[in-house]
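Student: Sequence:
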Amino acid sequence: MKNIVFLVGSYYPNYSAVARCQANLAEEFAVQGYGVTIITRRTTTREPEEEWLGTQHVIRIMPPDDYHDLFCREKMKEGRKGYCFGHRYYQMKRVLKAVCSRNSLNQSNIEFYLKALNGLDFAIDMIIPTCLPFDTVKAALLYKQSHECRVIPVLYDMFAESQRLHRFQWNKKLKMQANLKLEEEMLKQSDLVLHMPSWTKHFEMCWPELKEKRQEIEHPLIVRPERTKLEGYDQDKINIAYTGVVDSVIRNPQFALNFISGEMFSDIVFHFYSLGSAQGFIEKAAKSRKNIVSHGQVPSSAARQVMNTADILLSIGNNDNTQMPSKIFEYMSTGKPILHFAQIPDDKTALTLKRYPLAHIIFQDSENTECQRREVYRFIIVNRKRKIGFDDIRTCFEESDVKNIVSKFFEGGGYKLVYAGSLISRYIEPDYLLKLLSYSSKKLSIDFYSAGTACSNISHYKEVCSDLHGWVSHDELINILYEADIFVNIAENSGRQISSKIFEYMSMGKPILHIYNSDKDVNLRYLEKYPLALCLKADDLMIEKNGSLFDEWCCFDALWNLTFEEVCQRYFEMTPDYILGNII
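1306 is the number of the first residue of the sequence shown in the numbering used here; add one for each residue after it.
All clues stand as given, with none of them false.
Capping the alpha-carbon separation at 25 Å, the derived lysine-lysine pairs in BS3-like fashion look like this:
1. Lys1477 to Lys1398
2. Lys1708 to Lys1850
3. Lys1402 to Lys1477
4. Lys1420 to Lys1402
5. Lys1449 to Lys1486
6. Lys1834 to Lys1307
7. Lys1767 to Lys1747
8. Lys1747 to Lys1721
9. Lys1850 to Lys1740
10. Lys1806 to Lys1740
11. Lys1653 to Lys1713
12. Lys1478 to Lys1398
13. Lys1721 to Lys1748
14. Lys1307 to Lys1420
15. Lys1708 to Lys1748
16. Lys1747 to Lys1842
17. Lys1815 to Lys1740
18. Lys1420 to Lys1398
19. Lys1692 to Lys1542
20. Lys1721 to Lys1740
21. Lys1747 to Lys1815
22. Lys1834 to Lys1806
23. Lys1825 to Lys1842
24. Lys1721 to Lys1493
25. Lys1506 to Lys1659
26. Lys1542 to Lys1592
27. Lys1842 to Lys1806
28. Lys1518 to Lys1815
29. Lys1850 to Lys1747
30. Lys1721 to Lys1806
Pairwise CB distance ranges, derived in the manner of DEER restraints:
31. Phe1473 to Thr1674: 31 to 41 Å
32. Glu1517 to Lys1595: 57 to 67 Å
33. Lys1748 to Asp1541: 52 to 62 Å
34. Asp1625 to Arg1660: 19 to 29 Å
35. Lys1506 to Tyr1732: 49 to 59 Å
36. Gly1391 to Phe1473: 18 to 28 Å
37. Glu1768 to Asn1423: 43 to 53 Å
38. Arg1689 to Arg1469: 32 to 42 Å
39. Asn1563 to Ser1745: 47 to 57 Å
40. Lys1506 to Glu1878: 53 to 63 Å
In short, the hints are calculated from the structure, not lab data.
Backbone N, C-alpha and C fix where the C-beta goes; we use that ideal spot for every residue, glycine too.
When you get a sec, could you build the whole thing from the sequences and use the hints?
Tutor: This is the structure in structure tokens:
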């Protein structure tokens, strides 16, 4: 079993928006049979240091100062005023560290993440850190320096360009060069970097030469919703719900609240499950209007119940178009109608919702509010019972489908295949292999180190990126094999001849694509024990299916390697030491 480790800032039961995205990826990895471990910070002092969530192993960390500050804040919520001095002390200490440090990393966090990684009792195949916190990226790269594993960060919030992280504009400018250097280090040392569209322009401006090391993705939030219901709604009325943060600067709810306060909506109930600096506006509106209900902050599990129970979902856009609320993808996953209040003309959420059939967008700068109210009321009445099928949503927003995003962790910058051996007409021919590669959707190239009468067949397949190099010495070939991603073997037509090259390939621990013609091919008995082998029969009627199998294999197996010790354990009876022992 391959082991995937996620490094996040928070996790169950108190998911942040970033954690919700990472949790969807973790669940998909677990479904596909990977071992999944989550290393996260504590969000309450009562959370256990370790627990299992289904098949996911969650490990929680927290530096002492952060733990004591969290303890003080919890006591303050209980009404214990004496703890406010402790909270202020740790808060001031944290601000001073942030201001006085050379960059915007938290060294204590890095040390605790790294300690947790080193404490795992299994070999890690892949680490998936995130941003924010960028500390997880640094910890993963430090771990990689002394361990053989892949590191693929997934970037949501900005780091060097983040205003929220740096608190003060002067602090952001002061640390900009040091933080940019950390981002460059991440790009160079990571195997691949997956990032939100908000990062694209930043990367293109700063490091255009590292384009092959990164790939733009969308929020992995198109997941099939759970069938849950929330009790307490008046089923005789239309219930519209908002879930998420409200902010007096970035996501101000006042326009939306004024809009729905019109007499036209008096029989429609608007529920707000919210938190943030603008929560006071919602509380005030709820006291003056019977059709507005403030529920305050609720756990993420309850928020999902809200989405599944409400008739219509309400969204409020940001006044900054560099970020898009990830909540909108969760909304769309439900298939429910969506009302979106846009604060700015170039609102990114509004642009996304134009592809969603059950969305209505209200722009804040519109001159005729009453006309907009009538249109919204008509939209509510007509669509309150409508719902889009999940499969249709996945098709429409395939870039946010979790299955598609998970496959990107295994794509990299393409695949280099190598075939070494004779190509002889009616004996060992490359045609089926080349047909197969022409059906693949992957970026790949194949080098043939071959001679023989069937070599000329290669030129017939112009759609495949291939090169014919001719024979090379064995010493040269070894160096070539070390640079390859996938080894290719083509069995002779009758299947009676063992291809000795496959044993050399297996010794190097890399993936092997084996093309055979006969079900009695003698090579199959050896390759069936090799976990990184894909054996495909040269059957023209199966070419499309085999092409799909090859693509799937590339996504989930073709970039792993076995150690020489692992290969020896599987084929111990073929090692010289074992045979020598029998002779003696």
